[in-house]
Amino acid sequence: MNARQDLGTSADASLRELMLDIEAGTASAPMHVVRLDRRSFLKLTGLAGGGLMLAFSYGPQAQAAVSKSDLSPNAFVRISTSGKIFILSKGPEIGQGIKTAFPLIIAEELDAKWSDVVVEQAPVNPAVFGRQSAGGSRSIPDSWDQLRKAGAVARSMLISLAAAKWKVPAAECTAGNSVVSHGKRNLGYGAIAALSATLNVPVPKPEEVKLKDRKDWKLLGGSFTGVDNRKVVTGAPLFGIDQVLPGMKYAVYEKCPAVGGKVRSANLDEVKKLSGVRDAFVIEGNGKTTEIMPGVAIVADSTWAAFEARKALRVDWDESNASKDSWRDLAGRAKALAGKPTGDKVLGTTGTPDAALAGAAKQVTAFYTYPFVSHAPLEPQNCTAWSHDGIVEFWAPTQTADRALQTVSEALGVPVDKVKINQTRAGGGFGRRLMNDYMCEAGAIAQRYSAPVKMVWTREQDMAHDFFRAGGFHSLTGGIDAAGKLVAWRDHFITFSQDGNGPSSGADWSPTLFPGENVPNFQLSHTLLPLKTPTGPWRAPRSCSIAWVIQSFIHELAAAGGRDHRDFLLEVMGEPRALAGGFHTGRAADVIKLATEKAGWGRKLPEGHGLGLAFHYSHAGHFAEVAEVSVDKDKRIKLLRMVVAGDIGPIVNMSGAKNQCEGGVVDGFSTMLGLEITMENGRIEQSNFHQYPLLRMASHPAVEVHFIQSDHPPTGVGEPALPPVAPAICNAIYAATGHRVRTLPLTKEGFSAA
Amino acid sequence: MAAVKLRINGKDQVADVDPNTPLLWVLRDTLGLVGTKFGCGMALCGACTVLANGAPIRACSTTAASVSGQDIRTIEGLAPSESKLHPLQEAWIEHDVPQCGYCQAGQLMAAAALLERTPKPTDADIDTALAGHLCRCGTYQRIRAAIHTAAGKIAKGGVR
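Protein chains in written order, with our numbering: chain A, 1 to 754; chain B, 1001 to 1160.
Next up, chain B with everything else stripped away, as it sits in the complex:
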């Protein structure tokens, strides 16, 4: 065990864990942030995606120690405030994207990273950015539509 310093959703935290523990389990079991999901444990499904300094990473296959000092953003930190959702979250609700919903946190974080660097993505941009994400329920059509809607909201001055 060791004290691993992590900056999660703008808040500095210290987790007393084996430094080789994947970030996923530190988030879920140690810090109680269960929005980030366990799907495969091998970086194959994308359910555990969080942002590290703005870039999507697979929390199941990234040790906590390796992202110490980086700015980690999880699904719990995607909305700008309690009362205001991220345009992607709004679009996800409007398009009624989720079925079971289990993959959606990872999809949303990947989409957030995409819109940060590509504010007006094409279908091909979306397919590439979300290629590492499985949706077992098959909500891909709605995910793609929701990302386009969110891009439009941001272009019109929505909070990113």
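Excised from the complex, chain A in its bound form:
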């Protein structure tokens, strides 16, 4: 992957660094020490005695239930004498189901009865909780050991307490369903918690507790409904935008429609006179798209008053350094480069691709184009901030709560220990909320105002000021030998750069990634076009676009050789072996076989129907998918069924994991079918959902999900089911019609949803 030393100092560079951190699962904010025992916790928090309860005094429910006799072996678990088991979920819930999955992992090792568990959102304190970010599908793999140990420590303590009470060896006691047993004697966890006031047993060290064997799991792998479902369906306040504080005001923040523009002047006096407006002022910002760009803040008595005032706001923007990006121009320049087999920079070469192509029995060339797309989470960016008592406090639907501490500290010039962040549920993330620009903006407004301020972006602002999934272009040449075997692959990737220091965030690819190590003669090169429009990680960054190119082109080559696609793909995988970055060709072959078997690969289909296969490895997940489509003579397409086969190791919550795959398929289909962001003169041309038509109910496919629950360590599932979707559908379109889609979205080639 990219070399960190080349990153530079631009906002995009910090984004690329963030992506590397997220994908590596490494820490960002001050979180070097992750020890869960009582002594370390006390040391880190500088608290003693009852201070241990601090971590649990967050939610009102937990606060009310805190009692001195509760048993709290570490920061994650507190067992009340009533038998209720309070578990803190440390990371951001953005719709990926982690607020249910994290506590399940703890509860499994704790041998807790799930109905005894009450889940609360943890305060943001990475020194205590470790990683508190949601990105890269890293939540499960990075927290698996930590959370299991947290549960096991608590179980071990409960057993020790019961054993001490009974005066028997702890080894003779067993735990299960929130009860410790010895022979015919039983003690419930609540009763044991009450004992802890009088009995003293040491808190075991996390590294010394024994974890359960997989065969003894009672919770993990089962289907559990989301712990916040009841609140969601009854409309209880949950999301960032739902925050209400006493005396709170409402704000909007208007930035230049072309990124990089500065405020020359604005009709602030007029705006301030409007009904319901409290204040209006210019914020210079620090010029970083990931922090604070220049703009005008309006503070008002209601969101509506702020939105109305925004309509009356007139800003004279200085656009001398603003983006002039034009998608039409960039696409034209890319097309002109299509004939160049090799780009400005060769990223990697294996064998002799030019010679192998020249000598191939068949050569296939193709030019693939995919557009920029927006994250468009349904909850627009928003944040509530309050500057009070020497601190700046936030209520934020962020994906990177830990990292945000540092970001807002730097952007606002406030020491990091004077920043407090409360993480709220987020109405969708998809990578957008890895960046905390909206937090910095809200903080900057709050610093200039005497009351708490809730800043909400309009949908139009949300679409205009995104960190878009980068569009891109691939000029490909592939070769097969007389036996129909793939022998050569050359990809000239035409992509973008913000600063000349390598591709823009999310717009890079590497020769070590598939199929770089699977083709004997291979070359990947790139040419960088200059870009100012911010780009960033979008669900399964890089893979979300490039898997479509790679897996479509493999099918092109299979078809050119008259080969069955499944056989060809398995042949490309070759012998089972581990390749770079955790990719294993044997696991790949297994999911390819499973998906095709479940989809009835090779069966006879009605006229106008087709099956399409694609595989992709990303975010530690191996996924193969088979799409079944129908296409009529007017190019109206229906995705009838998508069979998903994945290997992400053992499943934590089957319902949640399947939901992520179902959503990944809908998201992938929605995006490849009709979504694109274009810009002219630096301005994003789409403003709201009428121009950015997300898939609706009538077009959703039947999604069928199968997991191979291998013994590999469990990994995340928010992202890896998405990348194979678009190529599987395009390959199915080819099977149905003989038409090869090389430009996305599909609407560009005349397709529409049936």
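None of these hints come from the bench; they were simulated from the model.
Take the hints with a grain of salt, since some may be wrong.
[Claimed, not checked] Calculated pairs, DSBU-like style, for lysine-lysine (alpha carbon to alpha carbon, straight line, at most 35 Å): (1) A:638 x B:1153; (2) B:1084 x A:218; (3) A:311 x B:1005; (4) B:1084 x A:84.
Let chain A serve as the given structure and place chain B on it in line with the hints.
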């Protein structure tokens, strides 16, 4: 500013707002009912759907004054009581429908209106009734299944 009389979830309320304020912001900012969500502001996404005299409306694009005197039902008023959920809410939980959950209040209100007039809806009925609702997370398959389950519960005598 003016006193706008509203009947919300069976309770008469007076909101001191500009009568042209969309109902959405009166609910959220003035009355503290934040279950109804802001998604687009242009009646495109359905997140702000509430019922006015039983019919689904987009609260983001309906002025408060225009629904004064009508019987407004929001997600907070969907359950028949504190202890008893609407069959749709039960089904939503059983099918584990929500991912992020942001659109679900609007989806539920549209589904409630659908079941009021079509107690046994077909897939096509559901697609039509919920056509104006976006779910960015893609929970459509589960929404449809949950509506069928709820219809079954109601047919068996569940509270509507």
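Checked hints:
The suggested pairing of residue 638 of chain A with residue 1153 of chain B holds, with an alpha-carbon distance near 31 Å, which does not exceed 35 Å. For the suggested pair residue 1084 of chain B and residue 218 of chain A, the alpha carbons sit about 30 Å apart, so the restraint of at most 35 Å is met. Annotation: proposed proximity of residue 311 of chain A to residue 1005 of chain B holds, straight-line Cα distance about 27 Å (limit 35 Å). With a CA separation close to 23 Å, the supplied pair residue 1084 of chain B and residue 84 of chain A stays within the 35 Å bound.
Hint compliance for this structure: no hint is broken.
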